[in-house]
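**Q** Each chain, letter by letter, is given below.
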Amino acid sequence: MSDLNLAKQEPVFNTNKSMVYVLFGFLGFLILFPVLSPSQFLLHLMIMIFMHAVISQSWNIIGGFSGQISLGHGAFFGIGAYASSFFYVEFGLTPWIGIIIGILICAVIAILVGIPMLRLSGHYFAIATLLVGISFQVVFQRWDLVGAASGLWIPLTSEDSYYAMQFHSSKAPYYYLFLIFFVIIFFITWLISRSKLGYRLRAVRDDAQAAQSLGIDVAKHKIIAFAISAMMMAPMGSLFAQYILIVDPDRMFNFEISIIALLISVLGGIGYVWGPLVGTIILIPLAEYARIFFGGTGGAVDLMVYGIVLMIICVFKPSGIISLLPNHILHREKKR
Amino acid sequence: MSILKVENLSKSFGGIHANQDISFEVQPGEILGVIGPNGAGKSTLFDLITGFTKPDKGSVIFQDQNIFGLRPDKISNLGVGRTFQKLKPFADQTLLENVMIGAFSKENNQKVARDKALEIIEFVQLLEKRHHYAKELSTGQRKRLELARALATDPKLLLMDEVTGGVDQKTIPGLVELVKKLRDRGVTVITIEHNINIIMDISNHVLALDQGKKIAFGQPKEIQNNQKVIDAYLGTVDAA
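Protein chains in written order, with numbering that gives the first Met the number 0: chain A, 0 to 335; chain B, 0 to 239.
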């Protein structure tokens, strides 16, 4: 057989069988975890891991896949949180539908904001997203309809309720909610990364002019990536609002959310599907334990941990922790 | 009937006329060589035709359609491919992925795009390098990569900016052979080329530019004996 035919018969993707088993084993462990561990703190820690993994994956879509650095992604988190909470508080609409409304609102806002902003290149796009992120916080601090600076207090149900998405007796239902979104969003990202869209986004990131010469509408692809990214952020805001049952501008539009999304992605490895997960698994437990260990001495210890870990990575492994993995696990295509 | 008809195409940057009233036609299936000293406006002409620079005035008719001032991706989708003088490979992706991105311009199916990319990679004789990252390839190989990537979009007209520039002597004959094979595939080619021997060898027609203006157009033999060309282009080469 000719070399060409042999090449054509190679698998399109180098899906490593043992990696698939590891993934499913891992997923099985995650499903059983609440049964195995009665500790509410561990459940909380896992919830934070799921949430941050998705937040940074959302950032990875626009920052890693399409190469546009966003510093205001927390805005979509806040919008998602406010959307589901507002419709529940005002109209008694179940947060299940509220989450979907939040996703749609974020998509529309991303497209409207993205059309003018994504024309800006490099640093200017980053600055614009920073300003947009801050201005959303300012607007919500003054917007009476959504409670202005004091925010919205979600009325507590007397018992656990799936309709109201409130669970007071255990964190386990929240754990599963976050787990479901985590799995779905990582699966979608995995699909995108090996699809036509994924290839074209990487082309736009690596060289916009070359991409154009191959018929790729650069502006359109950046906007698509921005919208997908925003749509992934929204449900995390909604779920977090249900988790703490209060939404206020300082918490939901916190600048820290935008920064952490970026930090985790950079730490884990920008542009890799599993980069955000690796970054989260290392950073979030470190930060949570640091917070506990140093107790009341100051709220900024976790941030210092971020800073130190990030400096180490920037100096020794700028392509992220995930790039320490062997090539055959890391890469989409076989390399000989 | 011509595949490309350029009329009075002009572009100035500030006070400099990079291209001034340039007109020519390209026949289907031919190779047109574009020559001229540095700064003659060859690359600008390519950028104007492919939409990477907005022209000031004139018209560019590709297959009966005016593509003057269209966006580069639209022009590419209509069937005008190009390579760049300063190579622009997707460095962190494999050769195969680079060419697949080109193939995705006409194909949606992953497997179909991949098969097509592999066939083109074989055509440019780099099959064994398909899983290498673009940044690991030599300059000559990266020229082939760009060519393959552009070919994967099924262009009817391909503009190649300095195919043989910056590669070592041994690599040149293979690249020249490749350009001829392109013509055999039915692709019309416009190529910028500094090596006058290559131009005389492969071109059906030659367009000579100097200081943003067309100074001659015709068959290679005529161009070789054209006094303006000798003064402007060949003359300066001799002097240098």
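A couple of the hints might just be wrong.
Unchecked claim - The calculated label-pair distances, taken between Cβ atoms and stated as ranges, are: (1) K85(B) / V138(A): 36 to 46 Å; (2) K85(B) / A148(A): 46 to 56 Å; (3) C313(A) / S137(B): 23 to 33 Å.
Unchecked claim - Listed next, the in silico DSS-like pairs over lysine-lysine satisfying Cα-Cα at most 30 Å (straight line): (4) K85(B) / K195(A); (5) K16(A) / K85(B); (6) K195(A) / K220(B).
Please keep in mind that the hints were generated in silico from the structure rather than gathered at the bench.
Every value quoted in this text rests on a predicted model; they were computed, and no experiment measured them.
Note that CB positions come from ideal geometry on N, CA and C, so glycine has one too.
**Q** Compare the structure with each hint and give your call.
**A** Hints and how they fare:
1. K85(B) / V138(A): 36 to 46 Å: 45 Å, holds
2. K85(B) / A148(A): 46 to 56 Å: 53 Å, holds
3. C313(A) / S137(B): 23 to 33 Å: 31 Å, holds
4. K85(B) / K195(A): 26 Å, holds
5. K16(A) / K85(B): 41 Å, violated
6. K195(A) / K220(B): Answer violated: K195(A) to K220(B) is near 47 Å, above 30 Å.
In the structure shown, a violation is registered for the earlier hints numbered 5, 6, in ascending order.
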